[in-house]
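Peer 1: Residues per chain are reported as follows:
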Amino acid sequence: MAKSKPRIKLPAKAAKGEIIQIKTLISHKMESGQRKDKKTGEKIPRQIINKFVCTFKGKEVFSADWHGAISANPYMSFYTVATESGAYEFTWTDDDGSVYSKSAKIAVS
Amino acid sequence: MNTTKHSTKLNRREILFSLGAGSMALVTLTMLPGLARADKTAADAEIKKILGGKTAQDGRVTLDVPQIAENGNTVQLEVAVDSPMTEKDYVKAVHVFADGNPVPNVASFHFTPASGKAVAATRMRLAKTQNVIALAEMSDGSIYSTQAAVKVTIGGCGG
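Sequence order for the protein chains is R and G.
Mapping the first sequence onto our numbering, position 47 (from 1) lands on 47, and the numbers just tick up by one.
Mapping the second sequence onto our numbering, position 66 (from 1) lands on 66, and the numbers just tick up by one.
Extracted from the complex, chain R is given alone in its bound form (with noise of 0.2 Å):
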């Protein structure tokens, strides 16, 4: 896989307590092992991103089991409890073993 580049939204503030929605997207083809070459007519094997994970200062927040069914350029949005200062880690962990992160910092008031 040339470049996956991750990229996440979420509220730089929040209030303790309050429940913020986190957005992420990663840009990868997410091959899904169905298709055939044009040429060759064979099975183009399967390349996904099969794991996510977002984590909160050691722990984890919310992850997620990807398989084929899964469109290109995964997006994925999901909810956590703001509970103080720091920056959640997430995680894309590719078919090929290579992994993806990226982090985003909250400040908590």
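No wet-lab data here; the hints were simulated from the structure.
Don't take every hint at face value.
[To be verified] Taking lysine-lysine pairs in the BS3-like style, the calculated list, with each CA pair at most 27 Å apart, reads:
1. K117(G) x K16(R)
2. K59(R) x K92(G)
3. K29(R) x K151(G)
4. K9(R) x K117(G)
5. K117(G) x K23(R)
6. K117(G) x K57(R)
7. K51(R) x K49(G)
8. K92(G) x K105(R)
9. K40(G) x K51(R)
10. K117(G) x K51(R)
11. K59(R) x K117(G)
12. K16(R) x K92(G)
13. K57(R) x K23(R)
14. K92(G) x K102(R)
Based on these hints, arrange chain G on the given structure of chain R.
Peer 2: Okay, now just chain G, sitting in the frame of chain R:
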């Protein structure tokens, strides 16, 4: 005279050729459903694995999908589960299946009490018109499920 004869011959060839091409197209058309075959039994087997002998109850799970999806390559999907999301009572996971896809599994979302609310959204591929099924696993072990039919205009399976 000779020229007319020649042209009729050509015409006949043309007709024969177009007939041949037509039947070829028919063959491909009839073969297509076979390629993107719905495997409902596969979906049932996956669902059984999650249930593990339990029965799924109706309610609490909301599945937000379009009734008609013009492009099967990107179909909006949102699941929401009615739960207080406390340490004692929360949604552990939501599993999503599409019973007409070559691989029925779509995604599994794992929530924690830190989620605040059990709502997650993504985009999925649907090969054809089919049912989307969501199973929610609660922290007390109970399972709730719901399903929705999505009409797909252009399948997202890729040829």
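Peer 1: Could you tell me which of the hints above the structure violates, numbers in ascending order?
Peer 2: Every hint satisfied by this model.
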